[in-house]
Each structure stands twice: as C-alpha cells, then as structure tokens.
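Student: Chain by chain, the residues:
Number of protein chains: 4
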Amino acid sequence: MQVQDFKSVVDKYRIVFFDAFGVLKSYNGLLPGIEKTFAYLADQGKEYYIVTNDASRSPKQLAESYHKMGLYAIDQDRIVSSGMLAKEYLDLKVNEGIVAYLGTQNSAHYIDSSGLHTLPVSAINQQNMHNVSALVLLDDEGYNWFDDLNKTVNILRKKTIPAIVANTDNIYPLSGSNEVSIAIGGIATMIESIVGKRFLRFGKPDSQIFMFAYDLIRERMSVSKREILMVGDTLHTDIIGGNKFGLDTVLVLSGNTLPDDAETRIRSTGILPTYVCESAVV
Amino acid sequence: MQVQDFKSVVDKYRIVFFDAFGVLKSYNGLLPGIEKTFAYLADQGKEYYIVTNDASRSPKQLAESYHKMGLYAIDQDRIVSSGMLAKEYLDLKVNEGIVAYLGTQNSAHYIDSSGLHTLPVSAINQQNMHNVSALVLLDDEGYNWFDDLNKTVNILRKKTIPAIVANTDNIYPLSGSNEVSIAIGGIATMIESIVGKRFLRFGKPDSQIFMFAYDLIRERMSVSKREILMVGDTLHTDIIGGNKFGLDTVLVLSGNTLPDDAETRIRSTGILPTYVCESAVV
Amino acid sequence: MQVQDFKSVVDKYRIVFFDAFGVLKSYNGLLPGIEKTFAYLADQGKEYYIVTNDASRSPKQLAESYHKMGLYAIDQDRIVSSGMLAKEYLDLKVNEGIVAYLGTQNSAHYIDSSGLHTLPVSAINQQNMHNVSALVLLDDEGYNWFDDLNKTVNILRKKTIPAIVANTDNIYPLSGSNEVSIAIGGIATMIESIVGKRFLRFGKPDSQIFMFAYDLIRERMSVSKREILMVGDTLHTDIIGGNKFGLDTVLVLSGNTLPDDAETRIRSTGILPTYVCESAVV
Amino acid sequence: MQVQDFKSVVDKYRIVFFDAFGVLKSYNGLLPGIEKTFAYLADQGKEYYIVTNDASRSPKQLAESYHKMGLYAIDQDRIVSSGMLAKEYLDLKVNEGIVAYLGTQNSAHYIDSSGLHTLPVSAINQQNMHNVSALVLLDDEGYNWFDDLNKTVNILRKKTIPAIVANTDNIYPLSGSNEVSIAIGGIATMIESIVGKRFLRFGKPDSQIFMFAYDLIRERMSVSKREILMVGDTLHTDIIGGNKFGLDTVLVLSGNTLPDDAETRIRSTGILPTYVCESAVV
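Chain order of the listed sequences is X, G, U and H. Just so you know, we're using the numbering used here here: the first sequence kicks off at 1 and counts up by one. Just so you know, we're using the numbering used here here: the second sequence kicks off at 1 and counts up by one. Just so you know, we're using the numbering used here here: the third sequence kicks off at 1 and counts up by one. Just so you know, we're using the numbering used here here: the fourth sequence kicks off at 1 and counts up by one.
Hints are not guaranteed to be accurate.
Identical copies look the same in the list; a pair holds intra-copy or inter-copy alike.
What the hints assert, rightly or not - Each computed BS3-like pair below joins lysine-lysine, with the alpha-carbon atoms no more than 30 Å apart: (1) 151 to 197; (2) 12 to 159; (3) 225 to 60; (4) 158 to 36.
Please keep in mind that the hints were generated in silico from the structure rather than gathered at the bench.
With these hints in hand, go ahead and build the complete structure from the sequences.
Tutor: What follows is the structure, given as structure tokens:
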C-alpha cells in the first residue's frame, strides 16, 4: 500500500466530495490545517461538496457549525446530507397524516418544514395512531429508549407504513475519547429484524446520496464522473459507495481507518480505494 | 394440515417437554384447563419437564409463580431454563473477576449464587473495568437502555471477554394486550452486530437446553428420544429445536402461532411439527 | 387492498418505467395484449423505459428479442439494464488488465466492447492470474459450475480486486413451467459469504439503475420524479427500489406476486406500492 | 497471547476431544509426530475422541484412513462425525419414503444403512417426487452442480420436507496447495437463502456433536465437563463450540488459524480459547 500526497492527488480532479467526520472534523474540532485545503481548492478553482451521513441537523445548521469553528468555506449549498434524502422522500411520497419520529426536536424541525405534521413517537397514542402515515428514524437522542423503541416496534407491527432511516451509520465517536455511541442506524437494524419489515435507508454507501451531489454540480457545469474525487475515512461507506457510483476515491487515515489497519482491512474486505493519503490536508 | 386431539397424541409417549409461554400460560394467567393435563399425566404415570427460554428468575421462583396461579404440578426440579445453561457456563468457565450484567437484580441473584461477583453494567467504571471477566445479557428490564447499552458496546470494544445471552427470544408478549416488548435476545443481536463479536447464546432452538432436560430424565430412568414429545407454540424455537434434537413435536395453536397462519408458516419456513393440536389441554 | 384499473393510473403520469419479466413478458412470450399499452402510450404522447435486471445480453439484443415477438415499440434506447451499469463501472474504474467473468460469451461480448480484455474464469491460470484486474458475475450459464465457482473463490482469496455482480436476482423462472433456475445473484451471495469480501451489486432495488433511466429522460425533457410511474411485479426489487428513488409505484399481479398473496406480502414486508393493478395491459 | 506447551496442558485433563483436519492431519497426510501424542495419551491412561465435521464417509472408513496413514490409535469407536448426527436424525425422525441426497454414493451408503431408501437428487423425477420425505446435503462431490443444485431448489420449493445439512463447513483445503474447495455447508447456505426455508444443520459449533461424544464417554465412566479438553484449529467451530458446551479449549496453530493471525482473530471475534498451543504434538 502506497501512501500518496493529497495535493498531488487532488490536482488530477476538478471536483472533490468530502466526508465530514474523520476527514474535516476530528473528535476535538476541525482537523488541524484543513482550512489550507479549502484555500487551495478556491485558489485552483476546484469545486467541492460535503457528502455526509447526518440527519441530526439541517444543512444550514451544519454549515453554521463549521463557521463557528472558523471554517467559512463550507456553506449550506455545498452540503449534501442523508437527512436531505429522507426529506426529499417525504416530500415526494408522503402526502398526508402524521410522520412519527425518533430523534431530537431539532432533527424533526428540518423534515417538518416540508409541511408534514411531525410528532415524536412518544406522542403517538390510541387516538392519533390511525393517522400515522410514516415513521422516520432520525437520531439516537431526544427520547427514552426503553419506552420509545418498544413503542416503535408496536407501531410497526400494527401499521403497514414506510419506515425511513435517515442515517445508516451504526456508531459514532464521542468527543474527546475513544468511546463510541450507538447511532440510529444500529437501532434501526435491531427494530427492522424484530418486526421483519424492510426499511428505507438513506445515506452512504447507497448511491442516491452521491447522485444528489452529482445533480447539484451538474446544475452548474457539465462534468464527467471521471473528474470527481471522493475523500473519506471509512471503507464501508465512503469508499465502496464512491467506487460503485463510478468515482475515484481516496481513503484518508485521519479517522475510522487507522494507519496500521488500512492494508489489512482493504485486503480482507476487498474494498479498494484508488488512493490512500494520510489526511485531506494539502 | 390435520389438527389432532392432544390426549391421543400424548398417549403415545412416556415423557413430555412443555414450553411455558403460549402453552401453559396465556397473557392473562394459566391457560384455562391446563391443570387437567397435568392431572392426566400424573394419572398415567408420565413424566414431564418445562423447557423455557427465561433468565429473569431462578427455577425456584418460576415454580412458585405457577403455584401462586394454582398449578402445583410444576416444581422446580421439573423446570429447565435458558438461565440455568448460562449459569452452568459461568460455573464451568468463568473462575474469577466480575461478571457484568444487563438485567434486574433478581435475574443476577440467580447467577450470583454460583460464587462469582456480579455487578450491573451501570456499576462498571475505570477502576473495576480491568477486572470484568464476562458479560451476561439476562433481561430487558432493570437498567437504563440509553446509558447501559452504550456502555455495554464500549466494554465489549475494549475487552476480549465472553458475552453470554441467557435468553435468545427477540420479543415477548405483554400482559392483557396484543402489544409486545423487545426481549434481551433482540438487544443482544443489535450489540453483537455493532461490536462484530460472537456471543454465546443459550436457549431454544439450540439443542443444549433439550440435552439438559434429557440428562435430567436419564438420571431417573432409561429412556429413548423416541419416547419424548416436545410441545410448543413457536416454530422457530420449540419445533425446529425439538426436531433437530430428534424428538417428535406438537405445535399448539394457543400462543405465537395463530390457527389461521399455521399452515402458511409451516410451508414457508419448512419447519414441520410431527403433530398440530389446538392446545395442550387434554 | 384495492385493485385499480391500469389505464386510469397511467393517465396521471407523463413517463412510465416498466420492469420486463412478469410485466411485459410472461413465461410463454409477450403478455397477451401488452402491445395495446404501448399503442396507448404513443397515442397519449407519454414516454417509457424498460428498467430490467438483466446482464445476459446487450440492450440492442434485448430490443431485438421484443421485435421478434412482435413488439416494435421497445427499441434499444428505451432499455436500461443492470448490465449497462456494470459496463459503466468497468469503463470508469477498470483501466487495464484482464476482466475475468462468469457467464456466456454473449454476455461478455457486451462488456468487452468497452476495450477491456475479457476472459472466462475457466481461462485464468498461473500465467495470467497476476493480470486479472476485476471479476464480473454476468450469468448463470456458459460455464461449469463446479470447476469455475471453485476457481472464482480461489481467485478472490488471492487477489484484492473488485467483484461486480451485474444482476442481483436470486432466481429466474424457466419457460413453460413453474420451475425456477438459480440466477447469478444467488451464486454471488454464496461466493461473497465464503470469501468474506464485499461485492459491487448493480440492479434494482439499488437506486443507481433508476437514476440511469432518470438521466436518460432528463436529457430529452425537463421532468420531476412526481411525473414518473414505476411498474413492476416484485416488491423487493421494483417496488421498494422505485419508492426509495421517490417514484410512485404500481404492483402488477401478472408475475412474481400472485393475486392471493399480494396483500399478505405487502403487510409482512412493509413494502407499499402506490397502486395495485391486475396487469400492465390497458 | 501466551503460547503454551501442549503436554503440560493435556496433563490437566482426563479426556481429550480432537478436531481432525488441521489438528491430526495436514494437507499432506498426518501431522508429523502426532503418533507420539496418542502414545502419550495411552501411556497416561487418558481417553480421547475425534470430533469432526465430516459426512463424506462412515466412522469405519474414516478410521481406516488413519490406519492406512499409520495411525492405529484411532478406531471407529473413537470417532464422532457430523454425519453420525444426520444419520441419528433420519433414524429417529424419517420413517418412510425416499431420502434424496447431494453427495457421493459413498456418503449416501452410510445413511442408507439405516434402512431408508436413498436416491441421488439426479434420480428424483415426476414419478417419485411425491415419495420424497427428506433431503440431505452430504458432500460437494458426486453430482453435477448446475443440474442438481437447480433441481434441489425446485424440490424444496414444491415440497415441505426437512432439509438436513450434514457438514456445516463452508470450505475445505485441497491437498498439497493453498487452494480451497467450496464445501457442502457453503452450498447449503445459498440454497437455504434462495428457498427461504430453515435447514437442520449438524456439526460444530452446534453443541449436539459435543453432546454425542460426551454421551459416549459417560457410557464408560463417570466424568465431569471440567475433565475434558477440546483441541481444534478453528475459532468459529472447535473453540466457540467447545466453550459453549462448557469445555476448556486449546487453539492449535497447525491449521486454519495461522500463528501471525491468532491474536488478532481472537480479539476481533471475541472467541477465547482457554489455551493456545503450537500444535497437538506432545
């Protein structure tokens, strides 16, 4: 496995897609020096998008969080999140009734704005149950697991409605430690297997999120997939998803995949990045 | 599918193994008339055992719960529970250190009596973590899911210790309703898939629990598997497990498998009971 | 479950995507009367595409097979196949070396035209093994299963190369009977689980094939996903895939899903078509 | 990970269970020096059994193959194979009709002796289909995969009969090379997932095979599980199976688990042998 210089890799492409966690952000804030990368991209006239499995906040709020950390290059028009796909699905396919959700009020606020009536699973009862037309799994926080996961199982046993998973990740790292938390994607897998129904899952590695970003860039310019580079720290989401969509891919060693493990993991999974770089810092 | 008379089926065997929930007990207490079955068995000189996926209480406490409901035929020596297998594993294989558990104090009390030091997952901390030598998933109650399931994931990521699931059921029915609760087996599947490690699972359909009952009966008399009948309400645990162990099996339609669904389910799963009966009441 | 008239459903949309097998073709040739549907679509000025999991032949050959059966409305520009996606992947991502394949010469001929050197798995040996840069699973016919499936396992154990599945179906119906054959997607699942590596799977329900068709139509006209109807006979591919892509969907009862089973299957899988129609004949 | 001396480990136990492949036999015949181990066991008055996932031959034939290689210590009474469990199942549970099989004539000869009428899948036709009462997957050789695996799928779609897998291994090593072959367990997984039915699987890690050996030894002497040591080269069968049955276990590094990988695999799977030894040679 040859580790290459990120700048020399980026030089071969017109457009760069970045994963967020483990690539731009570390557990303790921005990855040191990452602002140089965006200065370089601006200088070279290259386009970029953030392609992230995140349904906890709106793209606007996500952009603001980068600005607070001092990275102003990332505005909301450059963010594509799995939450946006869940929102598009609800806009297109769910036209009436209550959308029950597992997550924080904040995460629901974003999908709420599409005009649907959202209610936390905890607020579903015998009276309004008949009106529930979809169930969305947004976030692992904002509710009582024992009460609301059991309630979710019972809602899905009784009603034949679409169940949407807005972030397919199983775990996420906690700040300032090597501890992790169970993410909503892990919870979704448990409930799916218990009720025996198929959920709709949005986010990498599924190609729909890449297509969403690809459509955004094509609105501005004519572009071939050959001109796009996907940068990520996770083989099972960023790299296999980018590959399958037809993009060249960079595995960076600043996040989930440790330098010592990278070669073994590539060989054992058969998921092959086009390049391996230490980080996305130029 | 021919539904047969339970008495005429039982008459062909010397020994009967009964599942508990859905066979002897319904959501609202004892299955009406089930005491006649045990009177008949006593009268005919037939032996019987209760073979149950339950790790929430000791066999003694389980027996007492039958006595309270008025069924005195079931004493603790006739109960084989998945909790007993977990306990035997700990007795044989875990010789020192702390056994961390998810469950009620009551469930832990039973495995505790084997001389090991048990602590709830919530009581594991930086100081005693190095001493944890096994983790047992006993029950879905008795702890805070958000805090303790996340903690369990982190313990199992850090430590290479056996993780024991003392009840493989995914759900259990709630009293007096057609609602269900997520059982510890469902939680175990989620945590197993998140940490990527293999757990040790005790209970039907695994043959070890049948062997445990078979050994008990062989201590008293010489018996062939041909003389034993397994009675259960669930194809995926009682029936396939009994079949594989070499026993003849009865599917009763008083619990998980509804009369209208039985034939479809048998055909779609390929799990074939030797007989189908309405209930275990003679 | 309400069964609706296909014509009245189609009238609400500008563009129709059709699955092929079980929708346009039955086991014995064209679905009787299906030509009327295409006459109606032409008359009404509606656009249509065939979206099919098929990698056994090129779109040109697929179109010719419809012409031979007397359906001239389907030309190659209106066919989107999973084989096309596999071909696009190879074009974009595999630039040199040998592409080993499982399938007929005919299926390989199509991907071959992209300039890559294709060789059947049976022709891979000690001398050319180092040159193999990808492996494609195209078809269940054209090779000796015992020899070549074993060889495929050994190639993938030794080489870290992308393995591409060009048709995700597990089985396909045989002509003139209710017998089925194992399809290449079923074989792929076995080999993937044996070698423990992740394969790249193209075809419904994955959204990439819908996006391919959507891109074709957008080249000709401005269109919203709301104006497109997906018609299919299989819940797990056509319906869930169409739904997730944001399209309205029709389940037709002329193929894999039998009229008697439809309601049960919808309820048990939670995969909800927008409409159910007897067939796609107007 | 501490590698211990096999003799000092064996000295702590009265009875030893050995896996065969990778423990007693290497790709090229007997493991050099293994005869010393059996001389030592005889000298010390220790008992031993071979516990092997093998349904290709009878215990008698397996014993003869050791004798031919010069190891006379292993007679047929000391061999417990997964084939024996499949045979016991058929003896106990299948009383009439045809048992269709996938495997060699030799593998069928063994189960045949139980008095049932066995026929290869290739000999099943419209005339005798109604008489087929069970299907057994014995071996990967002795039939045409394309014809007979497709036929097996169709038999199991039409008939609700037990399907028995007599060896759960996915692959087995080929002699004199580092190539492997797909074993009948791998084929079984594919067919099971295609037909959607539950198969009955016999062999390690399932506890039934350990119980079979345990029963044999208990017929001769009174013994506790604490006095038995299981020796194997594979974490997912020998070690987890032995552990769960309550036995102490030795992982030997002479077969499937390579010395360089052992520690990583133990940590990543959470499957913990009691001891690790270079080989089973004293």
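Student: For every hint, state whether the structure bears it out.
Tutor: Comparing the hints with the structure gives:
For a Cα distance limit of 30 Å, the shortest separation of residue 151 from residue 197 qualifies both inside one copy, at 16 Å, and across copies, at 28 Å. In this homomeric assembly, residue 12 and residue 159 come within 30 Å of each other (Cα to Cα) only across copies, at 27 Å, whereas the closest approach inside a single copy is 51 Å. Proximity of residue 225 to residue 60 under the C-alpha cut-off of 30 Å is found in both arrangements, the shortest distances being 27 Å within a copy and 25 Å between copies. When the C-alpha separation of residue 158 and residue 36 is checked against a cutoff of 30 Å, the pair qualifies neither within a copy, at 53 Å, nor between copies, at 35 Å.
Violated hints amount to a single one, hint 4; each of the other numbered hints is respected by the structure.
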